[in-house]
Amino acid sequence: MKKTIITCLSVSCIALSSFFYADQSFSPKHTSDIKEPITDLGASGTAIVKDKAHPASHFSGESAQSSAIKDPVPIRPTDSDALASRTTQNKASDSPHDPLKPIAPANDPSPTSNEVVQLLQSADISNPEERQRVVAQMTQIEEARMDGVLEKAEQLGIPVRIDAGGGKISVLHGFRGDQPLYRTTNNRNAAISTGANILQAIPYGLDGAGVKVGVWDAGSIRNTHRELTGRVTKKNATSVLDDHSTHVAGTIASSGVDANAKGMAPRSTIDSYDWDNDYAEMTATGAATATDLTGVSLSNHSYGYGANSDDMGRYEKEAQTVDALVWAMPYYLPLWAAGNEQDSLTALGGYQSITFNSLAKNILTIGAVNDAVVAGIRTPSSGSMSTFSSWGPTDDGRIKPDLVANGVSVYSSTAGSDSSYDGTYSGTSMATPNAAGSTALLQQLYANSFGQRPRASLLKALLIHTADDLGNPGPDYKFGWGLINLKAAADIVLAHKATPTAPRIHENALTATLKTTTTTFTWDGFSPIRATLSWTDPAGTPQTAADSRTPNVVHDLDLKITGPDGSTTYLPYVMPFVGAWTAAAMSASATTGKNRVDNTEQVYISNPNRSGTYTVTVSMEGQLTTNSQPYALVVTGVSGTITPPPTPTPTPSPTPTPLNPAPTVSLTSPTNGSSITLGAQFTLAANAADLTSNGAVGVVSKVEFFNGTTSLGAATTAPYSITWKPTTSGNYILIARATDNQGATGTSATATVSVLAPLPAPTISSFAPTSGFVGTSVVINGTNLSSVTGVQFNGIPASVWKIVSATQLSATIPLGATTGPIKVSTPTTSATSSASFTITTLLARVVISQIYAGGGRWWSDYSHDYIELHNPDSTPVRLDGWTLQLAGGSGSRWIAVSLKGSIPAKGYYLVALAGGQFEYDLPKADASGYFDLAVKQGKVALMRNSTLLNIPSPLGLPQLSDLVGYGSANAYEGSSPAISPERYDAIFRANAGATDTNDNYKDFDWGYAAPRNSATPVTLRKNQLLPRKSR
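For what it's worth, my numbering labels the leading residue of the sequence shown as 102, then goes sequentially.
Keep in mind the hints are simulated off the structure, nothing from the lab.
Any given hint could be a false lead.
To be verified - Label-pair restraints from in silico Cβ distances:
| # | residue 1 | residue 2 | range |
| --- | --- | --- | --- |
| 1 | 683 | 360 | 46 to 52 Å |
| 2 | 945 | 358 | 33 to 39 Å |
| 3 | 826 | 574 | 18 to 24 Å |
| 4 | 832 | 935 | 33 to 39 Å |
| 5 | 783 | 683 | 51 to 57 Å |
| 6 | 896 | 811 | 36 to 42 Å |
| 7 | 976 | 360 | 42 to 48 Å |
| 8 | 697 | 228 | 42 to 48 Å |
To be verified - Pairs of lysine to aspartate or glutamate residues, derived as DMTMM-like cross-links and limited to a Cα-Cα distance of at most 20 Å, are as follows:
| # | residue 1 | residue 2 |
| --- | --- | --- |
| 9 | 336 | 359 |
| 10 | 1037 | 981 |
| 11 | 616 | 570 |
| 12 | 695 | 657 |
| 13 | 335 | 372 |
| 14 | 903 | 1100 |
| 15 | 695 | 722 |
| 16 | 1037 | 1100 |
| 17 | 1001 | 981 |
| 18 | 588 | 570 |
| 19 | 661 | 625 |
| 20 | 903 | 570 |
| 21 | 924 | 974 |
| 22 | 335 | 216 |
| 23 | 1025 | 981 |
| 24 | 1037 | 974 |
| 25 | 616 | 648 |
| 26 | 903 | 225 |
| 27 | 661 | 648 |
Note that the Cβ used here is the ideal one computed from N, Cα and C, for glycine as well.
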């Protein structure tokens, strides 16, 4: 029976061969029929088959014996099967239980990404200790989730990894019901197509030096390849070398030993990761601040999922998690492959074929086009659409992909040897590193110009603003905003630096009291006017229904331009599909109006008909869910335009005479988006440095500070700072300009500061509840609360809070909070409650993870009955004084087993009960009793005290840690008791004992007995628990 595997994001592996189960029929309803389930496949397409010997693969003593491995069984799909796999990957399976049917992650029963989103939303990732804590928790969540995935794969006999060669990788990542979800791997002309080659040449001279790119992929990059030597750090030491990963890395960073393989940023460095724990690793290394130069500021993700039509376009938890991650680290920009499913949704002509992570709002989603090169010259009109690149829209009508780059027949390094290459790779997997490496050059230019990294929202705004329009006029759902034009983006950065009196780049933030900002400029008289607004939006709410039209944007910012007459208004692009919701509207050209769905908006005036001053307005309707909403705005058509550097001709330019370099300068105070109260005095400060033409340390003679073009004062010695007291409220655009002793000047990036008039003082009249755990939501009542910009619990800031009205707000108790008053703050004043909020401490949580009632009989696997406990937390728990209490299924008479010692963090604790002399001894028990567990029904209560129970059910008692009723027991958690363990089997929790939803029936299942004690390694993976035996 053939099963079709999901596509990769390299077109070379789109037609991923179908695989067969050898010498057997397969139905996941009857796992006992699987004599030799496939669990792995080698690089040649060979399946590795494991023998589930029993009881040799049980735990014996305190260690587990490994399963026997049989000889590989080659699986040889026919040509027709390989062809069929591409066209049927998103069609309904011939069986509703087909284990290789591509499915969606929306119904994943494992720990959801929402846990990760909540962690990210409540944390300050710029704080190293807070980041470390969040990463550790995310890693634990992912490990627990994967434990359950691997166990289920073994139960169903499903391959974990499929490597068919040629970059064709599929790795099991999750389940939706019984259906597996596989994560799959989705240049001279490439550089010309985006304009990267121009920025590599004089006068730009950019090469990516100082920029670190994270590459997450199917395996490790060959870091000894001659194109990459010394510039790749393998972060997952156990990952195998991978062709696809190495090809991606080469497109970004190959040095050009082979000129045809030269990467976009040939001196950039790369951190190489596999994709197994990508969210936690991205959180650990992503840049959270402008001066965070050790982290990763860009990352490449040339992988995704195959899916069925319901999932295409739907914003779900994978996209939500990435959005939350980028919101927490605003100087970090992931680039994600759009996918290669254009021809998988033929009913819509290829539209709406993007899925999962690639639908996130805060990333750049990259599509693939053919070379935009004719006779060695960049020719955007030649960048025709590939036959495979996935198209938008999202279900709510957002524009996807964001941009396109060359992804057809890209020549780059591979992992076969230190000098191997391949030029046959095509796919959005190849277009994405083309875009990532190109973006690295733009980031290098910005850092060289302003001494700090740009925000991710500014990088997006620059690249989208300057993209060459392809397809329909304006944005569309095939090409997004168009083909990356790196030279045009770089010229905006240079023009912004050279003419601070006519800025092209504006960064600001909206707040509860500043919901509209305006920027004015004078038209240059001849250029089109274009304004592009981009903001990193908080994570949205995952959609559970197909084709939901609910906007996924959380903070809906609006952009408009008003002409010199004060009445003519120009609105941004909107897509006709939004509102029409018809398939025909997907291919229609963009119009203009209020954009309610995208977090990038653009106004374009092709032929301005009035000279004079234009006004750009950024505003927001509705309530902020965070303290502020930063944004980036790029405007061109501004007077004061300088002549940008010319495009170099093919003739090599002579080496220029060394010039005196301009000094570098960056504002350190105030920070962009900050606010102060009118009448207060504050410090303007900057860092500045200078080099001479021969590279020696130069002399900075002064640093002058400006509000727009008005000088506020100058400092002549380091540290460079002055004091300033603004006299009127409003927005101030501040810059610092450094001058060296030879007269050369350098200008900082702008910082927009809001000077606020005094606000009415808030008051707190009451709050409810008056006590609670960390994570509890508290409603605060009072007056003048609509201007509140911060909430503290006894001095600890709440990261999650929301203004409900002028008299009410809600806040979530943050980590580290202690008992004390609640304080609310506005930009100008604050109020503290007269009463204290009481922080209650969570009691230690230990769960019952396994129950075995078949010990000591002739049919038994083990000599004794036992009960296993599990500690799901990250700290050990002392069990002295605790009892494990046991009762029959319907009685109120309990017997207690006293516990002692500790249960390790993430570890186990074994309680041995009655037994005999048959079969295998248990591992050394941590505690023991003489109760003979009933097979068909019973109750087990884990109590934090030694008081013997005398009631049918302990539910509701404060000292109850866990209760499991099984069979026909009259006391249990949730909807009904757990299944009974029968004579042979144990019952155990999913995910290595970590899953406790307080529902015994849903949380427990059968399996071979596999007792674990406090000495069992906590890294034990749940797939070592064997699936239920056939009877």
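Going through the hints against the structure:
Taking the beta carbon of each, residue 683 and residue 360 are about 49 Å apart, inside 46 to 52 Å as hinted. Between residue 945 and residue 358 the C-beta distance comes to about 59 Å, which lies outside the given range of 33 to 39 Å. At roughly 50 Å, the beta-carbon separation of residue 826 and residue 574 lies outside the given 18 to 24 Å, and the hint is violated. In this structure the hint that residue 832 and residue 935 lie 33 to 39 Å apart at CB holds, the actual value being about 37 Å.
Hint check: residue 783 to residue 683, Cβ distance near 55 Å, so the stated range 51 to 57 Å holds. In this structure the hint that residue 896 and residue 811 lie 36 to 42 Å apart at CB holds, the actual value being about 39 Å. With their beta carbons about 56 Å apart, residue 976 and residue 360 fall outside the hinted range of 42 to 48 Å. Taking 42 to 48 Å as the suggested C-beta distance range, the pair residue 697 and residue 228 does not conform, at roughly 35 Å.
This hinted pair does not check out: residue 336 and residue 359 have alpha carbons roughly 27 Å apart, beyond 20 Å. Between residue 1037 and residue 981 the alpha-carbon distance is near 31 Å, which puts this suggested pair outside the 20 Å criterion. Among the hinted pairs, residue 616 with residue 570 is inconsistent with the structure: their alpha-carbon atoms are about 32 Å apart, more than 20 Å. Taken as a hint, the residue 695 and residue 657 pair is honoured in the structure, with Cα atoms around 10 Å apart against an allowance of 20 Å.
Restraint check for residue 335 and residue 372: satisfied, since their Cα atoms lie roughly 6 Å apart, inside the 20 Å limit. Our distance criterion of 20 Å between C-alpha atoms is broken by residue 903 and residue 1100, whose separation comes to about 32 Å. For the given pair, residue 695 sits about 12 Å from residue 722 by alpha-carbon distance, which is consistent with the 20 Å threshold. Our distance criterion of 20 Å between C-alpha atoms is met by residue 1037 and residue 1100, whose separation comes to about 19 Å.
At most 20 Å may separate the alpha-carbon atoms for a hinted pair to count; residue 1001 and residue 981 meet this at roughly 4 Å. Of the pairs offered as hints, the one joining residue 588 and residue 570 holds, with about 15 Å between alpha carbons and a cut-off of 20 Å not exceeded. A hinted pair counts as satisfied when its Cα atoms are at most 20 Å apart, and residue 661 with residue 625 qualifies at roughly 19 Å. At roughly 40 Å between alpha-carbon atoms, residue 903 and residue 570 are farther apart than 20 Å, so this suggested pair is violated.
For the given pair, residue 924 sits about 31 Å from residue 974 by alpha-carbon distance, which is inconsistent with the 20 Å threshold. Using a Cα cut-off of 20 Å, the hinted pair residue 335 and residue 216 is violated, with the two alpha carbons roughly 28 Å apart. With a CA separation close to 18 Å, the supplied pair residue 1025 and residue 981 stays within the 20 Å bound. Restraint check for residue 1037 and residue 974: the C-alpha separation of about 31 Å exceeds 20 Å, so the hint is violated.
Taken as a hint, the residue 616 and residue 648 pair is broken in the structure, with Cα atoms around 32 Å apart against an allowance of 20 Å. About 17 Å separates the Cα atoms of residue 903 and residue 225, which keeps this hinted pair within 20 Å; it holds. Using a Cα cut-off of 20 Å, the hinted pair residue 661 and residue 648 is violated, with the two alpha carbons roughly 29 Å apart.
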